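Asks: Protein chains in written order, with this note's numbering: chain A, 1 to 243; chain B, 1 to 259; chain C, 1 to 270.
Do not take every clue at face value.
Going by beta-carbon spacing under 10 Å, a handful of chain C positions derived as facing chain B [to be verified]: (1) PRO116; (2) VAL119; (3) LEU241.
Here are the computed distance ranges between Cβ atoms for each label pair [stated by the list, open to error]: (4) B:PRO176 with A:SER117: 46 to 56 Å; (5) A:GLY224 with B:PRO176: 51 to 61 Å; (6) A:ALA47 with C:PHE93: 29 to 39 Å.
Hints listed in this document are in silico derivations from the structure and should not be mistaken for laboratory results. Here the structure is a predicted model, which is why all the values come from computation and not from measurement. All C-beta atoms in this analysis are idealised placements derived from N, C-alpha and C, irrespective of residue type, glycine included.
Each chain, letter by letter, is given below.
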Amino acid sequence: MGGETTAAIGNISCQVETGEFVSFVGPSGCGKTTLLMSIAGLIAPTAGKILVKGRAINGPPPNLVLVFQEFNKSLFAWRSVLGNVLFGLDARGKKLRESEGKAKTLIELVGLKGFESHYPWELSGGMQQRVAIARALAYEPEVLLMDEPFGSLDALTRLELEDTLLRLWEELGTTILFITHDIEEAIYLSDRIWVLSRRPSEIIEELWIDFPRPRHQVTTRAEGRFMEIRNQIYKQISNENTA
Amino acid sequence: MNGSEKFNWTGWLVFGLFLLLWECGSRASPKLQLYIPPVSQIVVALSHLIVSGQVTTHLLTTLRRFLEGYLLAAAIAVTVGVALGYFRFAHSLTEMLIEFLRPMPSVAIIPVAILLLGIGDAMIVAVTVYASTWPILVNTIDGVRHIERTLIDTGRTFGLARRRILWQIVLPAAAPYIVTGLRVSLSIALILVTTAEMIAGSKGLGFFILDEERSLQSSNMYAGIILVAVLGYLLNRLFLALEEKAMKWRRGMVAREAI
Amino acid sequence: MASRHGCAGSNLNMRDSKLNGVFFLLALLLVWELAVRAEWVNPLIVPAVSKIVGTFSELFWSGQIPVQILASLKRAAVGYALAAAVFIPLGIFMALFDNIRRALEVTVEMLRPIPPPVVIPAAMLFFGLEDEMKIFVIFFSCAWPILLNTLDGVRNIDRVLLHTARTFGLPQRKIIWQVILPASSPQIMTGLRVSLPIMLILVVISEMVGSTDGIGYFILDAQRRFRVAQMYAGMLALAILGYVLNQLFNLAHRSLLPWHWGMLQKKDEG
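Starting from the given sequences, assemble the full structure and let the hints guide the process.
Replies: Have a look at this one:
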């Protein structure tokens, strides 16, 4: 990716390797969502440009998909779980006949086997977000962008979904760009973390997270290094908040 | 539709074009002129009617019947609605009755009313009351029933007498619903008055419009239609203005009590 | 206070029971019947319930009432369908293209305050007492609820939903068909639902003012000829028609928008 500037975002230039899991953390209002929406091609930058694979984008790039925080507003209420996932496949151009099997596999992968014919309103928040993730993965994106996807969920559901996401990521190998305000979540999930300053945001720190995979909610988080990194990031963000 | 943006030039232009087309189209074909007189002719007829006072009696008659019917309906419907909404037993009794009467269009009551009350003011006001009661009643019941139990319990914890609970908690809480019902009934009342006047009246704007149609005085007829539309529009605006005032008063009341 | 009996119990609370309503209704009808028989009420003006039901039955099975109902339904349905066919697409266009909305806004706001019944004499000038007159009146009356609800439904679509469609790379045309239309369908449905009683009311009014058949005409005509029992029978038929149309609409709602129907049921219970 190249560099870009907006009122919310300062100079940001970073490179993501294929198959990596990277996260952005930063103080509230630092423009994380703006950044992600710009990368997704949903917002046009007022200055500068966004380069994906070296080419400037103009609208949503075909190999990227964004998963939103507000899953209840993003899912298609008129389609069943299966229907929503099929939408992702259809958007990819897959024919209906071959799609159904793939969709069911994905639904099983996110842990919703048996709920294929349910409508979103019948599902809990965590389940709805799983559907949104399955739908996004059905599109077979090279890069999955996630905007605080677990932010609206309760703590326990969040942990469940973190593990589900990691499982999916390990299985499918998609590159993931993750935004969260939850520092520990970022550390738990990622290979690399970028800490953003407040507006106009720039990268103030880049951290490599080399805890062994697969990660585990108890053991990984119990590692001494985990808390060190967490405190380091926390201090930086606090500084940004008070600065 | 919002009016908060800048003045809608396009909209007025298009409307003006529409009127222009009307005017020219009408003048172009003398045969058409009987059915749709040119706009200018209608405007002339309208001003003549107003200035000469020809239409004043009709206008005032319709307005009077409207007010009598609407206000009576409001008084009845809110009272009964609050009672039915508050006392669950009473509601369970009447729920089915209401469910059965609602689907019948209120206008069907007009022939019965004619039978009972003949043709004239009493009949017209009666059917207006009947029709206007429903939206207010249903909305009031809804509003009162949906009041959070906690609100009423709070009042009882403070040892408030039933009447005070009614005035200070129930009515304000249900007010938005009641107001919705009142607003819907506004249009219904006007519709019923004009309809009853058309079917069996000898005065009033409804009668006037139909009468002019029968005598093929199309310009006067359209003028009458415009008059009714303007009347309805003004009544609506008046309602909104009163509603705003009432809301301000309510806010003031709540604020004062907080002190 | 409401109490729940275990898990599967229906609410047996005396104060809420639906049976109360049934008994009350029957009691009222009984009082009515007795009052007429005892001649406390003039039977020439308010016939006994039994007489009304009897007359209704007679007229129904002889086909007299069904004929009138069908005549009314025919006009009502055409007017309603035309209004839907014209104003749903118009509403969508107006919502999608701001210029079109602003261009038509003034004209709509000018026509909207006209109470539908007063349009009848104008329609009579053009169409006489024919079906077209009623169809036009119904078309005009149902226009605004359908148009405004459709407009609102499309304009109120959440931005997240549109962003979602775009992130999946959907072209504009597909976004309209696959996302905008389904997402606004509940509110479009509301517009259609609100227009249903309006349709019924206006067909009755237009038949009372200018017609030679139809259920509205039937009721008024019965009154003019002092065939009082017939008049009430006609009103009963009308009430039943209103009820049936409502149920049919619910059925349509359930089959066309099963997902929305389910949501509404859940909201009622919750």
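Asks: Determine for every hint whether it applies to the structure shown.
Replies: Evaluation of the provided hints:
no., hint, verdict
1, PRO116, "7 Å, holds"
2, VAL119, "7 Å, holds"
3, LEU241, "8 Å, holds"
4, B:PRO176 with A:SER117: 46 to 56 Å, "38 Å, violated"
5, A:GLY224 with B:PRO176: 51 to 61 Å, "58 Å, holds"
6, A:ALA47 with C:PHE93: 29 to 39 Å, "35 Å, holds"
Hint 4 from the list above is the single one not met by this structure.
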